[in-house]
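Engineer: Residues per chain are reported as follows:
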Amino acid sequence: DTAVSQTPKYLVTQMGNDKSIKCEQNLGHDTMYWYKQDSKKFLKIMFSYNNKELIINETVPNRFSPKSPDKAHLNLHINSLELGDSAVYFCASSQRPGASGGRETQYFGPGTRLLVL
Amino acid sequence: AQSVTQPDIHITVSEGASLELRCNYSYGATPYLFWYVQSPGQGLQLLLKYFSGDTLVQGIKGFEAEFKRSQSSFNLRKPSVHWSDAAEYFCAVGPTGTASKLTFGTGTRLQVTL
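Here the protein sequences come in this chain order: S and G.
Last residue of the first sequence: 117 (this note's numbering), numbering continuous.
Last residue of the second sequence: 114 (this note's numbering), numbering continuous.
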């Protein structure tokens, strides 16, 4: 059984379009994350939700809007896609901050490879 | 603010040879430290982690890492590399008390020659 899954795996779209990426985890975790990995493989956190509440919101354009319908799902909606949005987007999950004395480990999904043309 | 440096962008080793990937961190206290591996076209898999205690940490796939406070390092090692170890390796640091906000290094690409 896949612990953290993402759909779609690949996404090719035109500039200006709006697209969504979905993430689901079956680990029973309370906290979920979105990371962006750029063309140089640099990974940077974008958002984190704990039990549907936003707890980390790094400097990300407001065209990116995470949505957490329940604690097992965290979706990422991107409006007005730009060329620079091309990247691999990773979802991750962990126990809620402090659940293990701060020693929560993040488990990552397989990534969604987004290409904006 | 915490930061992570992986000095080696690309390393090539022969199959069967030993491996050491370097990771240096900057943080005011002892951070939480992680190594992840990303195989081509795949997601990130946790290899091992350090929170406290024994400074030599064993992980999956025969990997180990040693935390050295005096050198602010957390280098990853494997005594004998297999061709399937070819991948991108990422070191990450989280602030003490919360591993929620990870900062990743820029990765080291490992190539294994037969």
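Hints were generated in silico from the structure; no laboratory data involved.
For glycine and all other residues, C-beta sits at the position ideal for the given N, C-alpha and C.
Be aware that one or more of the hints could be misleading.
The list that follows gives simulated cross-link-like pairs (lysine to aspartate or glutamate, DMTMM-like), each with its CA atoms no further than 20 Å apart [as the list claims (entries may be wrong)]:
(1) S:K41 <-> S:E53
(2) S:K41 <-> G:E66
(3) S:K9 <-> S:E58
(4) G:K101 <-> S:D38
(5) S:K40 <-> G:E66
(6) G:K101 <-> S:E82
Partial list, computed: chain G residues near chain S (C-beta under 7 Å) [claimed, not checked]:
(7) S26
(8) Y27
(9) L44
(10) F51
Engineer: Which of the stated hints cannot be reconciled with the structure, identified by number in ascending sequence?
Structural biologist: The structure breaks hints 1, 2, 3, 5, 6, 7 and 8; every other hint is satisfied.
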